[in-house]
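J.: This is what each chain is made of:
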Amino acid sequence: MSQSEVRAQTLPEAEAPTSAAEAEEKVLTASQWQLMWWKFRRHKMAMFGGAFVFLMYLCAAFCEFLAPYPLDMRDSKHVTAPPQLLRWRDDEGNFHLRPFVYGLKEHVDPISWRRTFTEDPAQIYPVYLFARTHPYKFWGLFETKVHLFGVKGEEATIFLLGSDSMGRDLFSRILYGARISLSVGLLGVLLSLVIGAVLGGISGYYGGLIDNVMQRLIEVLRSIPHIPLWMALSAALPPGLPPQQTYFGITLVLAVIGWTGLARVTRGKILSLRDEDFVMAAKICGTSETRIIVRHLLPSFFSYLIVSVTLSIPGMVMGETSLSFLGLGMRPPYTSWGVLLSEAQNIGNIAHRPWILIPGLFLIATVFAFNFLGDGLRDAADPYTR
Amino acid sequence: MLQYIGRRILQMIPTVFLISVISFILIQLPPGDYLTSIVATLAQSGDYLDQDQLAQLKRQYGLGQPVYVQYAKWMWGILSRGSFGQSFFWNRPVTELIADRLSITVILTLTTMIFTWAVGLPIGIYSATHQYSKLDYLFTSTSFIGLATPDFMLALILLYLGVVYLGKSYAGLFSPEFADAPWSFARLVDMMKHIIVPLIIGGTSGTAGLVRIMRGSLLDELNKPYVITARAKGLSERKLLWKYPVRVAINPFVSTIGWTLASLFSGGTIIAVVLGLPTVGPLMLSALMAQDMYLAGSILFIMSILTVIGTLISDLLLAWVDPRIRFEGGGR
Amino acid sequence: MSAEISRRSFLKLTAMTAVGIMAASCAQPEAQPTSAPAQQPTAAPAKPTDTPAPVIKYKEAPMLAELVKAGKLPPVEERLPIEPAVCPVAKEIGKYGGTLHRPFTGASDTAGMDRLISESLIQFSADGSAFEPNVFSKWEIADEGKTFTFYLRQGIKWSDGEAITTEDAAFVYEDLLLNTEYAATPPAWLRPGGQVGTMEVVDDFTFRMKFAKAYPLLLIKFSQPSYFRHAKHYFTQFHPKYTDKATLDAKIKEAAVERWDQLLNGKAAQFDNPAMPVFNTWVTKSRVADTVHNLERNPYYFKVDPEGNQLPYIDVIQHELVTGGTEIIMTKNIAGAYEFNDRYLGDRAVLMENQEKGGYKMYIWTSTTGVSHQVMFNMSFRADPVKAKYIQDQKFKQAFSYAMNRPDYSTVMFAGMAKPRQATVIDQSADFVAEYAQRHIEYNPDKANQMLDELGLDKKDAEGYRIAPETGKALELILYLSQGYGVAGGMVAEYAKQVGLKVLPKEEERSIHYNRMTANELELSMWGMDGAIYPVWLDYAYWIVPWVQGSSRIGPAYGLYRDSAGKDGIAPEGVVAKALEIYDQACAETDDAKRIVLCKQVLDIASDNCWTCGLVQSTDALVLVKNNVGNVPDKGITDYVFRSPKNTHPEQYYFKN
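Protein chains in written order, with the working numbering: chain A, 22 to 407; chain B, 1380 to 1711; chain C, 6 to 662.
Derived from the structure by calculation, the hints contain no laboratory data.
Check the hints yourself; a few may be wrong.
[Said to hold, decoys possible] So these bits of chain B aren't anywhere near chain A, every CB distance computed over 12 Å:
#1 I1384
#2 L1421
#3 W1496
#4 A1587
#5 L1620
[To be verified] Restricting the straight-line Cα-Cα distance to at most 27 Å, the calculated cross-link-like pairs of lysine-lysine (DSSO-like) are:
#6 C/K362 - B/K1572
#7 C/K507 - C/K478
#8 C/K502 - A/K173
#9 A/K65 - B/K1513
Don't be surprised by glycine CBs; every beta carbon is placed ideally from N, CA and C.
Same shape as in the complex, but just chain A (with noise of 0.2 Å):
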């Protein structure tokens, strides 16, 4: 009995058609793809989770048009200044129709060395769309001073998120942070994933000496904490690696030590599944073994391998914040999400400068639209689903 059938027998109706005859009609002729996100699009939190995720990825693809400053733009006027409201009205209830910002005023104590800003009506900053303010290579291709939005004049300034404390504007920084950190997750959980399943997949269909071999070796990599394995790869990182490569190596660091964890999910399914009739009715049929892993073992947890997936990540991001805090992490001109939640990482910053953890929502928000993401479609890729 293939899967196909399966599905199409224990799903008797999907929403969108009127009626019966007519639903019965494209639930039968439908592919499994159309079938899929026909249950994809009954989980709402799942689609907005999609939407979202989507979203960020545009954002961290357009990040240097999106962002009103490049990376490293440094205002030594405005260091930790507070996030400038986006107005309408000003303080005399005039209604302006092109938005505005008000200038900052700086203020140190000279005790405390506490900074303040206190907000300036008389500097009126407007906002303008499409700004050509400070050039910038849009990726790598052409140059341009084309940004989304910006203010003009030397003294103005717009920090919609408000600026950490070097003086550079949090929303830029957040927006190229995204490229960052959703290329690492996406790649590390990616090549996790491919030797996970694969190798767990393997060690649980054939079992015997490789199987064992293979469960030493997860064991012995499990076994070995992640630090020393860390601190050890970034002594051994010659110092002047672009910081491409140093890219690439910490995705790769991040899925050395993932697969594991998904190889063993992988192998305990299968061990559970190879025994089913229908891997025995294959078998009897003469499919080759390759044919029986890939084409009927994997799918059948397909979606447990999603849910597992989606879990891991948050965790390929947690991970990198670490190799952040170990000084393994990204270098500048890289600049992630974990980079600046560890530049964050003080009480000066939550008592007095609460936006500069602002980074951490971004990246609250990102995962958990990603698991909503990860739960429909594991509801949608179940062949079972009433």
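Chain A is already provided as a structure; the job is to place chains B and C on it using the hints.
T.: For chains B and C alone, kept in the frame of chain A given last:
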């Protein structure tokens, strides 16, 4: 069965040996040794050792011998006397140090684990049986937020809020007046107050993971034909749920329960580090950082043994809960 | 007893006698750290506390009085030396009792305890301008600085009640320092210029040390609490000369070590061995690995307050192990969990603003920080000849210095509260020359560009970086940073970029960074510049000249060469060699005025060559003091060699309620 266990134990020996060698080499991999790391640490806080003090320390620790000699000595100590050597950093036998911190580690990990399981499993089952209900969304969302929040960030914020609103820092496990007091009811209460923060932090991410996996695998099971058949045959929903699906859905947990053994020993390292808890995790971390190799090596080694034993337990349990898995073990 | 003061300043080392009067004060905590040693005459006006108290009945802490009553402790008169040291109080006579809480971060942090409670043989005065008697009641220097006679305070006792005599000193000298099983070679401090100094016992309380050449730096050594700390009656049980082999072997085995010297050294870890007799203010009652470490008052402590109360006032010093890092300590700081904390303080504004809530006050002491941040050029770097050439070049480093935007740096890193400064000693130092502190510090990118052009670095690559003519590629220098210097390094790199210099900051875990230093791999690096005060810097600061390897980021291989007497490392060359030559002369010079002239010459060369390129200076050193703690001076000087906070005399801190 006995034969199977026996063979597994025999197989453990090379694994453990391999782990001990690898961990020992890994600890030695970063350049320098205990001495350089200690000097670097001192310099950081404006304290210095002069040449004489350095020369004396070098002698004291017998550093500079080849790695294999150090390894052989260490192994021999373990095998012949059960001695894991001396910690450079703390100037005490490794076994004593670990023993000191073990009870608190076990208490902390067990509490967190029980909390996690007690909260996570029921929620997971509820979420699976009431898929897409309001409560399911609520639980799902909460657990996702827990999953998404970095532990260390949460820890610092909670500690700060504790200071601001309760006027007290809940870092550590005891207030100073109870720290080295003998066990008493007051001390227990004091500890319980302090344990809340790590419980919340450890609980949030742990529970979240548990809920997700439980929900996922239970949903898998609930939609299988045998459940439908059973339902068609008029089995009560309650029995239907508990008799097989839940048991099978717990399967993936069982395959990882073995690792809990090792985490009992060194669990919650990051939380313990961030919150400054006196458990084995931070002890190991500081040993690694300070290249206190016998201490770090021994903790690693003990942990690996526990992992290996745990894996064995896991496999046995797996065979027990899922009889389909043959424990003869051989290939086809 | 005369009113003459033993408060000899360093410049008087050549005087035939420097007599310490036994009843002399141990400190003047109120003294301002401004008086330069050079201007300090011998005839300092007598302070009221210096007059020996009339014969009085000594008083003691209630917890000790109880023990005396129970017959477990001899009366206080018998426990104190014949003439106890009188420690003046910073503000008022204190009360006995209380437990003082502090954080500590693990075994490597015992230095924090050490700096709070350890007594040294002689001590620096509170302002660091002179030496004062302590365990030694006086000393004499003769023979042009080659012969030293030291007088132990008569009747002073170890914390277990045994008398401290010259026998203890002789034990350390003969049985430890000269024992080749204990120390393969005698320690460096004992052999200035290569020849081992001799020691001769004169009587129970007097011994004499002789050296082949003038050794004025010995007094700085003896102001540190690591000399003559082994009580003979206790340590002989771990020494093969006094203990038979079988007994010793059993002890070695029990301690899980291999040799007797390891056993003995393990027992000499004063914060880890409650059984070890000491002469410190408080004695250890715990082991270092304990999560709470207690130090309890030393019943035989040798100091009294001006009214004859045996010190210390505070009963117990409790250190709580905190492993989570400074931010965890910060939450406890602002919650008021510690009565005194000078080591682990975080965000200044948060600390200041929580003073009322936490019930503490932040004192601002002064540190001996010449510059708070500096860029250091490794003059002994050789791995890449092209890079080495520019690192060595004086003009290159000066240009680099002109490229540094110090006002901007101060704004970002110090809220604008630090002032631009070149790397040199602090203003209060006797050898300070104002001009040196102002050298090459103005922000002048045009001048920097011009100087770099003149060096032949006038071509730039596509990214705008200057091309080294030797290689045809951009001149790329790596700025190695220890953890925590990332932001600072980024700013320096940015300033350098503005004049076309490619500087790549690389932040690394600190032991990795340290290893790079000892392996001579550093090119550029950053650090702070503490201990920048005369005469301390001669024996400590690694950032003025690379006199030893130590933490000498400006020439570790040169330092190593000197450490190993030419066997390892690289022989100093050029201007560094010249500076070191003058430095060596200064160290051997016994006349203070002449020595200061030499020191100024060294500082001249250093500041003009900018191998330590200073950025900005802030000498504020924060100290957290709970409101119920009394007698902590409002002003203190923070420095490692001065043993802060010991130089403010924690023995007279007390709890008001």
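J.: Each of the hints needs a verdict: does it hold here or not?
T.: Taking the hints in turn, this is what the structure says about them:
1. I1384: holds (15 Å)
2. L1421: holds (19 Å)
3. W1496: Holds, since 17 Å exceeds 12 Å.
4. A1587: violated (9 Å)
5. L1620: holds (15 Å)
6. C/K362 - B/K1572: holds (22 Å)
7. C/K507 - C/K478: Distance of about 11 Å is within 27 Å: holds.
8. C/K502 - A/K173: holds (26 Å)
9. A/K65 - B/K1513: holds (12 Å)
In summary, the one numbered hint that this structure violates is 4.
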